[in-house]
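Which chain is which? The protein sequence lines are B and C, in order.
For the working numbering, add 1 to where a residue sits in the first sequence, where the first one is 1.
For the working numbering, add 327 to where a residue sits in the second sequence, where the first one is 1.
Some hints here could point you the wrong way.
Unchecked claim - DEER-style ranges, computed between Cβ atoms: (1) S411/C x G41/B: 41 to 47 Å; (2) T332/C x G17/B: 48 to 54 Å; (3) Y366/C x G85/B: 46 to 52 Å; (4) G29/B x Q372/C: 31 to 37 Å; (5) S336/C x E83/B: 23 to 29 Å; (6) D335/C x S87/B: 24 to 30 Å; (7) L96/B x P339/C: 34 to 40 Å; (8) T437/C x E83/B: 31 to 37 Å; (9) D97/B x F341/C: 41 to 47 Å.
Said to hold, decoys possible - When the alpha-carbon atoms are kept at most 30 Å apart in a straight line, the in silico DSS-like pairs for lysine-lysine are as follows: (10) K396/C x K385/C; (11) K376/C x K58/B; (12) K396/C x K376/C; (13) K58/B x K14/B; (14) K58/B x K396/C.
Just so you know, the hints here were simulated from the structure itself, not pulled from any lab data.
We put the CB at the ideal spot given by N, CA and C, even for glycine.
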Amino acid sequence: KAGVTQTPRYLIKTRGQQVTLSCSPISGHRSVSWYQQTPGQGLQFLFEYFSETQRNKGNFPGRFSGRQFSNSRSEMNVSTLELGDSALYLCASSLDLAGGPDTQYFGPGTRLTVL
Amino acid sequence: AQSVTQLDSQVPVFEEAPVELRCNYSSSVSVYLFWYVQYPNQGLQLLLKYLSGSTLVKGINGFEAEFNKSQTSFHLRKPSVHISDTAEYFCAAWNFGNEKLTFGTGTRLTIIP
Numbered sequence: 002k003a004g005v006t007q008t009p010r011y012l013i014k015t016r017g018q019q020v021t022l023s024c025s026p027i028s029g030h031r032s033v034s035w036y037q038q039t040p041g042q043g044l045q046f047l048f049e050y051f052s053e054t055q056r057n058k059g060n061f062p063g064r065f066s067g068r069q070f071s072n073s074r075s076e077m078n079v080s081t082l083e084l085g086d087s088a089l090y091l092c093a094s095s096l097d098l099a100g101g102p103d104t105q106y107f108g109p110g111t112r113l114t115v116l
Numbered sequence: 328a329q330s331v332t333q334l335d336s337q338v339p340v341f342e343e344a345p346v347e348l349r350c351n352y353s354s355s356v357s358v359y360l361f362w363y364v365q366y367p368n369q370g371l372q373l374l375l376k377y378l379s380g381s382t383l384v385k386g387i388n389g390f391e392a393e394f395n396k397s398q399t400s401f402h403l404r405k406p407s408v409h410i411s412d413t414a415e416y417f418c419a420a421w422n423f424g425n426e427k428l429t430f431g432t433g434t435r436l437t438i439i440p
């Protein structure tokens with residue numbers, strides 16, 4: 002089975018711009034979660050989607066949004082980029098997280114640099 | 328709120344020596360605990376997990392961890408490390424309340440030849 006794929010792997014943007022990151026989960030996985038990883042804050046949960054619905058959300062401003070398509074692929078969008086948004090954005094997929102954690106499989110991440 | 332503490336941000340170990348990476352969690356209820364490894368420029372890979380049952384959990388690459396409820400710990404161990412074990416290791420706990428995975432801040436394991 003192919004693993005979780007994320008595109009692009011690297012991205013450079015300037016402040017004020019917006020960006021869209023893409024995640025393709027493992028075939029058959031319906032839950033997709035997004036995490037932000039920075040040296041200062043570590044790994045922080047952004048949101049989780051299941052069956053095209055946002056089922057859970059972390060403590061991030063509304064500039065961070067996401068969606069999931071019928072084929073379980075997911076995108077996250079960050080609008081009005083700030084320098085502090087520079088991070089590695091990780092996507093993880095699992096069969097279903099409801100009722101307890103199914104193993105999450107992580108993609109390689111998208112490294113976003115905001116100048 | 329549940330928290331996960333990894334006290335050691337960096338651990339240098341000589342090759343073929345044993346290693347223990349410490350993890351403590353805070354929770355008054357049942358927990359699911361995980362150890363993930365992140366190699367340079369890669370995503371996270373699951374090493375092992377504790378859901379219930381035997382408190383000694385064996386994972387991939389020769390790693391194991393012991394769940395200790397009284398000490399609220401889930402330390403990761405390997406009897407003999409290799410250069411290829413150089414990576415960052417994250418402990419994580421599943422929070423049943425908000426259904427989120429909370430990660431520790433990570434421990435960077437450096438193997439000295």
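Comparing the hints with the structure gives:
Checking the proposed 41 to 47 Å range against S411/C and G41/B shows it is violated: the Cβ atoms sit about 28 Å from each other. Hint check: T332/C to G17/B, Cβ distance near 37 Å, so the stated range 48 to 54 Å is violated. With their beta carbons about 26 Å apart, Y366/C and G85/B fall outside the hinted range of 46 to 52 Å. For the pair G29/B and Q372/C, the beta carbons lie near 19 Å from each other, so the given range of 31 to 37 Å is not met.
The supplied range of 23 to 29 Å is met by S336/C and E83/B, whose beta-carbon atoms lie about 26 Å from each other. Separation of D335/C from S87/B is about 26 Å and conforms to the stated range, judged on CB atoms against 24 to 30 Å. Checked against the hint of 34 to 40 Å, the C-beta distance between L96/B and P339/C comes to roughly 38 Å, which is consistent with it. Distance hint check: the CB atoms of T437/C and E83/B are about 33 Å apart, consistent with the given range 31 to 37 Å.
In this structure, D97/B and F341/C meet the distance hint of 41 to 47 Å, their C-beta atoms being roughly 43 Å apart. For the hint linking K396/C to K385/C, the alpha-carbon distance of about 17 Å falls within 30 Å, and the restraint holds. For a cut-off of 30 Å, the pair hint linking K376/C to K58/B stands: about 24 Å separates their Cα positions. At roughly 15 Å between alpha-carbon atoms, K396/C and K376/C fall within 30 Å of each other, so this suggested pair holds.
The hinted pair formed by K58/B and K14/B meets the criterion: a straight-line CA distance of about 25 Å does not exceed 30 Å. Note on K58/B and K396/C: the hinted pairing holds, with a Cα-Cα distance of about 29 Å set against a maximum of 30 Å.
Of the numbered hints listed earlier, those contradicted by the structure are 1, 2, 3, 4.
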